[in-house]
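Once you have looked at the hints, place chain B on chain A.
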Amino acid sequence: MADVTAALIARDLGKTFGGGRTLLGRRKPSVSAVRGVTFSVAPGETLGIVGESGCGKSTLARMLVGLLPPTVGTIEIEGRDLSDYTGHPAAVGRLVQYVFQDPISSLNPRKSIRQILEAPLIHLLGMEPAGRKARIAELLDAVHLRHEFLDRYPHELSGGQAQRIGIARALAAAPRILILDEPVSALDVSVQAQVLNLLADLRRAYDLTYLFISHDLAVVEAVSDRIAVFYFGRIVEMGPAEEVFGVPRHPYTKLLEWSTPAIRRPRRRTAPENCTDHESAKFSGEAAAAELPDPLCPPPGCAFAARCARAEDDCRAVMPTVTLLPSNHEVACHHPLD
Amino acid sequence: MLLAVLGVALLAPALPLAHPDLTSPADRLKPPFSDGAILGTDHLGRDLLSRLVWGTRLSLAVGVTAALLAAIVGSAIGIVAGYLGGRADHLMMRGVDMLMAFPYILLALAIVAVLGPGLLNALYAVAVVNIPFFARNIRGATVAIAHREFVDAARLTGMSGLRIIGSEILPNVMPVIVIAMSTTVGWMILETAGLSFLGLGSQPPQADLGSMLGEGRKLLITAPHASVVPGVMIFVIVMSVNLLGDGVRDALDPRLRSGALSRPAAATRVERTDTPEMKPTGALLEVEGLRTEFQVGPRVYRAAGGVSFEVAAGECLGIIGESGSGKSVTALSLLGLVASPPGVITAGAVRLNGRDTLSMTGEQLRRVRGGQAACIFQDPLATLHPLHTVGDQMVEAIRAHRPTPRREAREHAVSLLRKVRIPNPAACARSFPHELSGGMRQRVGIALALVNDPDLIVADEPTTALDVTVQAQVLALLDELRRERGLALVFITHDFGVVAQLCDRVAVMYAGRIVETGATQEVLARPRHPYTRRLIACVPEPGRGRRTLDAIPGLPPSLDALPDGCAFAPRCDRAQAACRGGEIALRRDGAHSVRCLFPEGAAT
Chain A
1 MADVTAALIA RDLGKTFGGG RTLLGRRKPS VSAVRGVTFS VAPGETLGIV GESGCGKSTL
61 ARMLVGLLPP TVGTIEIEGR DLSDYTGHPA AVGRLVQYVF QDPISSLNPR KSIRQILEAP
121 LIHLLGMEPA GRKARIAELL DAVHLRHEFL DRYPHELSGG QAQRIGIARA LAAAPRILIL
181 DEPVSALDVS VQAQVLNLLA DLRRAYDLTY LFISHDLAVV EAVSDRIAVF YFGRIVEMGP
241 AEEVFGVPRH PYTKLLEWST PAIRRPRRRT APENCTDHES AKFSGEAAAA ELPDPLCPPP
301 GCAFAARCAR AEDDCRAVMP TVTLLPSNHE VACHHPLD
Chain B
339 MLLAVLGVAL LAPALPLAHP DLTSPADRLK PPFSDGAILG TDHLGRDLLS RLVWGTRLSL
399 AVGVTAALLA AIVGSAIGIV AGYLGGRADH LMMRGVDMLM AFPYILLALA IVAVLGPGLL
459 NALYAVAVVN IPFFARNIRG ATVAIAHREF VDAARLTGMS GLRIIGSEIL PNVMPVIVIA
519 MSTTVGWMIL ETAGLSFLGL GSQPPQADLG SMLGEGRKLL ITAPHASVVP GVMIFVIVMS
579 VNLLGDGVRD ALDPRLRSGA LSRPAAATRV ERTDTPEMKP TGALLEVEGL RTEFQVGPRV
639 YRAAGGVSFE VAAGECLGII GESGSGKSVT ALSLLGLVAS PPGVITAGAV RLNGRDTLSM
699 TGEQLRRVRG GQAACIFQDP LATLHPLHTV GDQMVEAIRA HRPTPRREAR EHAVSLLRKV
759 RIPNPAACAR SFPHELSGGM RQRVGIALAL VNDPDLIVAD EPTTALDVTV QAQVLALLDE
819 LRRERGLALV FITHDFGVVA QLCDRVAVMY AGRIVETGAT QEVLARPRHP YTRRLIACVP
879 EPGRGRRTLD AIPGLPPSLD ALPDGCAFAP RCDRAQAACR GGEIALRRDG AHSVRCLFPE
939 GAAT
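Protein chains in written order, with the numbering used here: chain A, 1 to 338; chain B, 339 to 942.
Just chain A, with the same shape it has in the complex (with noise of 0.2 Å):
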């Protein structure tokens, strides 16, 4: 884990929102969003981190490139530890940049494309109107736009238009890593593709390193070297990408695997194949009950064991750690399936 080439550290990261006391010193309520992850990125390594709405991915992300103070846990980026950066924000600007889910709302209604892009070459490079507008020229070929675009405010511009503004304003300062934030859910699909294509262009042109955020599944394998899958604020597994998706083993992975729609599969309405018939039944209807745990009084073991098939007494009582299977892959469940 500790390799100092790694561009992207993250150790033991926790965040946790409410807390402290009121005046009176009563304890307020806290909510821990993102509990215990660990990871590191390789340089020129996408990462893609799925998992379903409220699992902390995006606190995550916002963590990652400063917009939120981690409670607990460090951050490294390309071997310096972000909290060196503090007061600085700048600096952390220029090694890390964030591409937002809702391509229109990131954008601000009332500035011009061109203000919009110009903002980091400003603020971050501190350049001069000659140098900004060779750089925007570059930006908008590198994200297939026409010139024509700088003098448009965002509302003219359809949603992958808008997201590719968004991609060219994160790539302005010429950054190391950028984190996508969903990227592409807000889109059509024959635009979605477009996107991810083009995203992965700019990886190689740029030698750019990524952390892919999504809910689906599939975007996620069709970008991603490596995988994490977050649930409840934990990493449950991680693996190479055709690992973890290939031959899931946390019986989370799988139901997430199992559970996303695909056209070249034939109609299913039973359970993952390794289920019994009692198992199955749990994952088609009487485990509709469960859905993710309190946040407020979270369980004490597994926070999936309520919908688990698997789980044991061991699982409710006790939090999983981390093992390390061969070829990299991690998985955090005290009863991983084969």
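No lab work stands behind these hints, which were simulated from the structure alone.
The structure displayed is predicted, hence computed values, not measured ones.
Any given hint could be a false lead.
What the hints assert, rightly or not - Calculated from the model, a selection of chain B residues having no Cβ within reach of chain A, i.e. all distances over 10 Å: (1) Leu349; (2) Phe440; (3) Leu494; (4) Val516; (5) Arg555; (6) Ser565; (7) Arg610; (8) Thr613; (9) Ala621; (10) Arg640; (11) Ser753; (12) His772; (13) Gly824; (14) Asp902; (15) Gly919; (16) Arg926.
To be verified - Distance ranges between label pairs, derived from CB positions: (17) B/Val481 with A/Met319: 30 to 40 Å; (18) A/His144 with B/Gln702: 47 to 57 Å; (19) B/Pro891 with A/Arg152: 18 to 28 Å; (20) B/Leu429 with A/Gly19: 19 to 29 Å; (21) B/Thr886 with A/Thr74: 31 to 41 Å; (22) B/Gln859 with A/Thr321: 37 to 47 Å.
Note that CB positions come from ideal geometry on N, CA and C, so glycine has one too.
Leaving out everything else, chain B in the frame of chain A:
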């Protein structure tokens, strides 16, 4: 009117008027229309017209200055509090609340009492009294904006907090500030006049409208004109300023401009130019040549341009398309649920059990909706009433169609909630929509659609807002229900995977028309229309690993400027000259129909 008043006030020094403070005891209390003084004179023989013009000038100046002062200070407090949030916000807003707790005039009187009477002090008092109004308004607007993603984006581009406030937030709250100001100027003029009337504002001999009124009041019986003239002026100014303020608000508020606050009609407007004669096919739902347009100003958006399909009893038809393809509009048109204005159904027929829903009266349509045919929408939180419990809403839906005793209806509701596999249905019936999770709410939505045992359910992207594991459960439930009850289902979605799991037949829409329809497996395995083939190729499939996707270049055409011929031709790699002109029919080949001159698999 306001312009005239403003003009006169501004031009006061240039007008040929007597000096407003020039006394002439000989000409005391001359009535209006007397020589040398059109509006008469006051108790010191001063020319009322001249005093009125100068007084108006002063009152307006004080009112506007006070409004500006209050707007600047109040907005600054509001923006800073809204942007910083947390403790700073708390402290500032509690301070503002304390100011607000005092009655207006009392607070102003207290301030003037401390500072001493005088016009300038009255101005300060009025401004201070109005700061809370601005601070609260602007804080609300700022909070809404400070959580938008572009503010985070600005932070990541290295902008300082002050710069973000100035260049990102201020331009976006400016309309709110302007609206607040234009609606308060009149009120401030009135307040200043009030203070002057009490003798706390302008001091003699200086004239403003309030002090003129105060002086005239003592002579109300003997010389009514001395108080009526400034009174009318105050009335005119305040009324016109307020009307102007309303006008400014109407012009600036985007919600009012887009007509979002205007109430749509209970059913979509139908203005059919031709109603096709239909041969009865025996299907439960027959749609023929349905055309729905949105008429916005001079533009006409053809959202559904001649859509035809049928659904047999117990069958599930998937309608798939990207945003703007007209799939939702088509579905909503079936029961006249498209908002009018701006939606209009201009052609076609929709027959449910042989009866045309488009020619039904409002009452007939209401019986069909939620009776024979029910709807499920994407966001159940938006369709459930937030202030009634789930159970009450279901009981109401049952009783709206069948007179049932309350208790019986309640039991029926609970049994339906059990049917859609809600754990502890009785407790669920007692809860409010916001207390349920997204998946549970959608189950309630389905239960609500089932209350009157419909023959047809129209589901508009019912699982799009749900997580995949929950989506799988809801799809399994829908599938089971329709098999068990022989329900026909029209399922609108953008997701081919969902269609593959659930639907018997699928219709692919592009730019307002069906371009291909057939049995689901057949269409997905052997798409004939180039759009269908390429759209399927765009979708990342699980289990296929990392790869480049075959994206479709370009964008769908704008619905107010559709090209001639095939709408997909500009993006199609098989397009030829013939594709770009003339009407292309949906050609049937067995159960599989395709709207293409050069379909896939045929010799080109």
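List of violated hint numbers, smallest to largest:
3
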